[in-house]
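Based on the provided sequences and hints, a complete structural model is requested.
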Amino acid sequence: MKHARATLAVGAFAAVAALALTGCSAGGNASTDGPVTLKVWTGFTGGDRPGYATIVKDFEKAHPDIKVEMTVQPWDTIQQKLPSAWLTGQGPDVAAVSSDPNAVAQYVKTNSVMAITNTGSGDGKINTSEFAPGTVKEFTYDGKLYGVPANFATLSLYYNKKLFQDAGIANPPTTVQEMATDARKLTTGGKYGIALADNQTIQMWPVLQWLEGGDIVNGKNCSVLQTSDGQQSLKTWADLVAKDKVSPVGLTGAEADSLFSAGKAAMEINGPWAAPGYKSAGIDLGIVKVPVGVDGKSTTLGSIAPLSISAKTKYPEQAQEFLAYWTSKSAQQKFSLQTGFPPLRTDLSDDAKLKADPTVSVFASQVPDSRLYLPHVPSATKVDSDGYVPLIGEITRGKSIADATKSAGQTIDGLTGCSQ
Amino acid sequence: MTDQITGSAPPRTPRDGAPASGRTSGLEARPTRRRMRRFQPAWLFMAPSLLILGAFVVFPILRSLYYSFFDWTVGAVSQPFVGFGNYVQLFHDQQFWNALRITLEYTIVSVVLLVVLGFVAALLLQRDTLANRIVRSVFFFPTIVSLVTIGLVWKFLLDPDIGLVGGITTMLGLPSVAWLQSTSLALPTIIFVSVWKSIGFAMILFVAGLKGVPAERYEAAELDGANRWQTVWRITLPSIRPTMLFTSMILTIQSFQVFDLVYVMTGGGPVFHTDTLVNLLYRDGFVNYQTGYASAISWVLFVIIMLISLLQLRLFRYDDVD
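So the protein lines, in turn, are chains F and R. Just so it is clear: in the first sequence, position 121 is 1523 by the numbering used here, and no numbers are missing. Just so it is clear: in the second sequence, position 208 is 189 by the numbering used here, and no numbers are missing.
Watch out, some of these pointers could steer you wrong.
Taking CB as the label site, the calculated pair distances span [unchecked claim]:
1) L155(R) - S1802(F): 43 to 51 Å
2) P1777(F) - V39(R): 38 to 46 Å
3) G35(R) - D1631(F): 45 to 53 Å
4) L98(R) - D1759(F): 55 to 63 Å
5) K1645(F) - I289(R): 41 to 49 Å
6) S1531(F) - I33(R): 47 to 55 Å
7) L32(R) - G1684(F): 50 to 58 Å
8) I149(R) - N1513(F): 30 to 38 Å
9) G1684(F) - L138(R): 40 to 48 Å
10) L98(R) - S1630(F): 40 to 48 Å
11) K1637(F) - L155(R): 48 to 56 Å
Simulated from the structure, these hints should not be mistaken for laboratory data. C-beta atoms are modelled at their ideal positions from N, C-alpha and C, and glycine is treated no differently.
Next up, the structure:
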């Protein structure tokens, strides 16, 4: 997943998921042109990977005239290869372009992706009206849809029950103030209260900021970090890290995960992909909703990887059919149960089977309260790498919040073209 | 060249290779033709390499120069020409100056350390005893391992909470240090790892250089009553000047291009404190897709490396080495 990006990027190429289709020779709806092969690239190398393989396998069973060749490789690799691959017409028909914020914009700008038109209700269509909040808007540019969510992850609070017990805390925190108090109390004997990653990671700091009543940019894409609300929202946790040392400074996502896996951190804000690893590491694991913010409301981060179709694909119809199947109710229900991810559709939120699953239910219950990181913000990747990540790095190392937010605000405004 | 071919003597050096010398006498036309015929198969043999070099090295290099004059984005509909705009922007880009400073620091410190330590190691291990051979192999071993692997292993070892180094220091009652998360320690740590990796390479080069020094010089020095230090200073060092030049140049070029270690160990962080030029180039080119800008960075890097290499050639006065 996003977490392991840096390490995975340099690691071995993920193997091709060779999903040989056997059986199902009854060609009920086989087209006269013979079977076509859709090439699909994704970066899902984490624990959720088998879930996507299942979707592909089931799709092939239901559509004997379409074969799907899914290649799984690290996100960095896709990021490097996809722009030129699509430009030269040699790329995949369908790809999960990146998990970075506003990643589709780049491909829309270069006319590399096709507008998706097969939307509507019922099977065989892409049921956009049922998608999780914000997802359709996030992938719509100039009124045209250029992607559908491949998944929709929310973040929850993972906690180590044993460490909580040792510290004499009976229940996991339900408010952000409690979370701060607990973090301080749990930081003892070489253990950290929380593992907070600030770079190469799924975004944890924005969640804290939202809970504390702040934000990064406003509706005009202008930085609000330097406002008094913005500064206030960073202060508590920056101080907790810099002064009370409740978390090591400068963790990457992978490092934060290792810390929690090793039982050296009592809490972590993370997505559903992390659960299998923590369970197999033998952590006495608890997963609860992210505590409510200072305003008493729930907020968490929603994270999507978009699936887009190449503008040069020879099979636009089949590719859209594939996306319709991928996002369909039945495929998503199965996927959620297999991976622990919340369904990307809202019409599954009351699904009895999903509600009965202790992991899925926590992540699924937060879908309505989730927010995206830098949605539709121009140059979002740069806002992240040049503005937000350095800001958190500075304030957790003791730099004054007023100074750090001021310069971060200027950087961000310069990047987004804010004109206020 | 005209006075080289005289009378009927066959040309001794085909290297001068000029087929048409303008001479008309039959005697001299023949060797010229023969040379032409010999010339062609050579090109044929070279063709595969030239093709590959041309297509995958020379062409992309020239192409990147071309890109650097455009606001080039892979696949964009329009690629506006900006002339030297990218270079001007670079000049005003704080991140570029930061990356340049860090790259220079990294290069100077690691090259000096590598040359000095490599030379000392070579001096101590130059004799071919069994023990020396084993130690030399051990030193050389990290050189053949990929930088990425080394970066990952060290990153894990140095993790303050679950790494071996932190474990040992804690056991000894010392605090566990966040080597790669600290803004002041991250760059020195990366330099340390790169020195650890390349010291064997520098040492092997110096051992080879030392073996090339004629024994008579040492004998003469000994007869003249030179002590150990004087011998090293007056005999050894001047004699291995070409090796010194080669080693420092190769290491300088490598160091300027450092990327793998940084990318794997810190990703340029914390807060840009290990953000080297190539790391910046990678980010602009492959994360932000500003191909033109990234190309401009690569050409500035090229010019810097070329200037420094020329300076090194000059400093070591390569031309008058005997």
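Hints, one by one, checked against the model:
{"no.": "1", "hint": "L155(R) - S1802(F): 43 to 51 Å", "result": "31 Å, violated"}
{"no.": "2", "hint": "P1777(F) - V39(R): 38 to 46 Å", "result": "44 Å, holds"}
{"no.": "3", "hint": "G35(R) - D1631(F): 45 to 53 Å", "result": "59 Å, violated"}
{"no.": "4", "hint": "L98(R) - D1759(F): 55 to 63 Å", "result": "59 Å, holds"}
{"no.": "5", "hint": "K1645(F) - I289(R): 41 to 49 Å", "result": "44 Å, holds"}
{"no.": "6", "hint": "S1531(F) - I33(R): 47 to 55 Å", "result": "54 Å, holds"}
{"no.": "7", "hint": "L32(R) - G1684(F): 50 to 58 Å", "result": "57 Å, holds"}
{"no.": "8", "hint": "I149(R) - N1513(F): 30 to 38 Å", "result": "56 Å, violated"}
{"no.": "9", "hint": "G1684(F) - L138(R): 40 to 48 Å", "result": "23 Å, violated"}
{"no.": "10", "hint": "L98(R) - S1630(F): 40 to 48 Å", "result": "54 Å, violated"}
{"no.": "11", "hint": "K1637(F) - L155(R): 48 to 56 Å", "result": "33 Å, violated"}
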